[in-house]
Every structure is written in C-alpha cells, then in structure tokens.
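**Student:** Residue-level listing of the chains:
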Amino acid sequence: MQENDPYAELLRLCARGDEKAFERLYQLTSPKLFSVCLKLMKTRHAAEDVLQDGFIKIWNNAASFNPERASAMTWMATVVRNRGLDVLRSRKSRPQEVETEYEGLDFASSDLSPGEMAGISLSASRVQECMKALQEKQRKSILMAYYYGYTHEEIAARLAAPLGTVKAWVRRGVERLRKCLE
Amino acid sequence: MSGVKRYQNPELYEALAAEYVLGTLTGAARRRFERLMAERPYIRHAVEIWEQKLNPMAELVPEAEPPVRVWNNIRQAIAQDAGAATGRERQGAGWLGWLRRPAFWQTTTAILAVALGLKTLLPLVADPMPTLAYISVLEGEGDKPMAVTMGDRKRRVVSVRLMEKPKLAGEHVLELWAIKSPDSKPVRVGIVPPDRKTTHLRLSEQEWKKMKGAKQFAITFEPKNRAESEEPTGPIMYKGKCIDFI
Chain U
172 MQENDPYAEL LRLCARGDEK AFERLYQLTS PKLFSVCLKL MKTRHAAEDV
222 LQDGFIKIWN NAASFNPERA SAMTWMATVV RNRGLDVLRS RKSRPQEVET
272 EYEGLDFASS DLSPGEMAGI SLSASRVQEC MKALQEKQRK SILMAYYYGY
322 THEEIAARLA APLGTVKAWV RRGVERLRKC LE
Chain C
7 MSGVKRYQNP ELYEALAAEY VLGTLTGAAR RRFERLMAER PYIRHAVEIW
57 EQKLNPMAEL VPEAEPPVRV WNNIRQAIAQ DAGAATGRER QGAGWLGWLR
107 RPAFWQTTTA ILAVALGLKT LLPLVADPMP TLAYISVLEG EGDKPMAVTM
157 GDRKRRVVSV RLMEKPKLAG EHVLELWAIK SPDSKPVRVG IVPPDRKTTH
207 LRLSEQEWKK MKGAKQFAIT FEPKNRAESE EPTGPIMYKG KCIDFI
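Protein chains in written order, with the working numbering: chain U, 172 to 353; chain C, 7 to 252.
Simulated from the structure, these hints should not be mistaken for laboratory data. Each hint should be verified, as a subset may be incorrect.
Here are the computed distance ranges between Cβ atoms for each label pair [claimed, not checked]:
id, chain 1, residue 1, chain 2, residue 2, range
1, C, Pro188, U, Lys191, 21 to 29 Å
2, C, Ile242, U, Glu353, 37 to 45 Å
3, C, Ala34, U, Glu353, 29 to 37 Å
4, U, Gly290, C, Ser210, 55 to 63 Å
5, C, Lys173, U, Glu346, 43 to 51 Å
6, C, Thr137, U, Lys350, 45 to 53 Å
Here the structure is a predicted model, which is why all the values come from computation and not from measurement. The beta-carbon is built from N, C-alpha and C at its ideal position, and this holds for glycine as well.
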C-alpha cells in the first residue's frame, strides 16, 4: 500500500511474462529475501532451495499480486516465507547441523539511521514501532518465531522459561500488536 | 463452544491466523487450520491481513547476497516451464512438443479428437516430456475450443493455453477451476492472465491433491482485484471434460 512502491511495476511486468523485469526484481530483492531464508532455515542449502522455489512461485503467480492490499516486497516476503514455513513445519525434526547461528534480534529492534529509514517502507517502520511498545519477553518471543522460525518449545528452551509462559507471551504480544497496528 | 462453531468466533480465528503467520501454530493444529483456510474465505482473509501486518518485518533484516547458482536454477526452471529455449519467447513458444512423439501423438490426440471434438491442431514445438496427469480442451460459446489445460504431475504444474485472446469487459482476469462432480464445489486452481498465451500454475502438494479426481475444468471471468476466494463469482465462460491419466 506504498505510494511509491519500487517493485510493484516490475511485478506487473512479470505478470505479463517480462523476464528482464523478473531478473531485475530478483537482483533488487533477493539479498533481503535470502537473508530471511537463512535465518528461517538455518542451513544455506535449505535457504537456497526456499529462495529458489519462492521466486519461481513469484514468477508464476505475479498476476495475483494486488498492489492495493500490500506492497510488492511484503507480497514477495509472504510467498518466500510461506514456502520456508511449509518446509520447516513438514519436517519431523530440526536438522542437527545448523550453519546459521542465532544472531540475536538487534537488527529488528535497533533504531534505524536516516539512511536505513529511507530504505524501508512505512508499513515496516510502523510494525517496528509497535514491536518496541511490547514487553521485552513478548517482543523477543514474537521476533524469534518470526525471524528464526522457532516453535513455542524452542523459544521456551532459549529463554529458559516454562512453555505455558512463552505461549502466553506470544498470545498477549500478538493481541497488543493487533491493537497497535489497527 | 466446540467443533466447527469454534472457528466462527472471530477472536479465536484471528488469534490463530496470527500464530499461523508467525509460524508458532504447529503440527496437527497447523494442518487443521490450513484445511479450514482452504474451505473458508473469511479465515483465509484473516491470514492475509496478518501477512500484510507482519511481513513488512522482512525488510528489517541485513542483506545477504545469494550465490549465483540460485538465479541460474530459477532461470532454467522458468525457461523449461515456458518451453522457451531462448528464455525470451515465453509467449510465442509452444508447450505441446511432446505431442510430436509418434506413439503419444497417435493415442492421446486420437482420444482427444474423438472425445472432445478437437478439430484444430495445436502449435507444436519442442519441449521436455512432462508426466501427463490431466488434459482438457475447454470450449466456449458454440463449442469453440478456447483453451487447453494440461496437468504435469511430476512438476505439479497446470498449464493453460488460450487459443485466442478472450474478450473481457473492463479489468477482469480468468480463473481456472477443477470440477469433480456436478454437485461438488469447484476447486480453485489459479488465475490465468488474459494477456498471456500460456500460463503455468505451479501448485503445492496440497493444492494438487485437492484437484485429484477432476472430471471437468472450467474458466470463469472474475474482477481483477477481488479478494482471493475459494468460490467463483462470475459465470462459467469455457469448460471441458477432463481426461485423467492418474
């Protein structure tokens, strides 16, 4: 819903079968989306697979992108992240080998420099502001789930908190977020 | 509150939608919610709202350059899908090259011609052999063949070839549906942009399964920007019987 959505026009061209526009879109957006995949999937191999499947889906479904409902970047992140979650949640267990370590959540919580602010959408800064308004444990739990794909159990282990408490942090955090983002 | 009614409570399904998008809804609960999402547009809508709220957070991550091989694989997959060796001729390239294979040509097209009354031969060019699961010729007014639909089981791709550009009033798109029986609800397959000669819809495993047993394919005209829905709103413009190779 950005007024100047830099990628919406490229997506529109993709829907018409313009492969040059698709290549440009990939060049511009894949570094962010690959980073999302790396955090979520934990291994480079799985992250590459998810990025690849996600972009093929973006190409095939470009016609279903509706610029009135979300920005192009949000739509693409949805496609890629959904693919990643499908893979993660269909696994019986997490892979033992983890190549991408937990890197904390500073990137999502720290104040952005004016240069960085210019590079992100209004929707992104709005959700970031609402995240900051949450209690620390609520925020941490939600960000761990969102960026690292952690389940309630994994968050409980990392934060050394009882499972029921973590579930309540997530539930209440989500409720506060909903009100803040209304 | 119990059973199905539980999910009519907005507070409950909105909270579940948020946890579905976050990823904290897991196991059987996640699968159950996915089934509900497929059946109920209001639940799907709640999920979309949360996706729009949370997924801008993807912009906040530091960038990481993917290796070149990822793009090479994507480009290759797309070129294969389009059946375009040059990669640029997505529209002009045909996708029925496998019909050229003599044995297949003799059997399948004979079945097609007889069963579906197809008299027009389709443009034929080289393409890798798909694992054919469904084939259907969709007819419009006056039994005129307007589109051909094929399902490739191996890649879970449903390809739609429009025989001529549809005449649409205003901002409309085509939407493809699989129909299992006259009484059952149509299963949504995907959007077919009217400007493209050939569209390839890549389905998830779940989507592919939902389509299983299709006896007919149909295309409706739908408003371009309508919310994604599991039910057609426009009238059926093209339809055709489906030969099922599964």
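**Student:** When the hints from earlier in the document are held up against this structure, which numbers fail?
**Tutor:** Per hint list: 1 and 4 violated.
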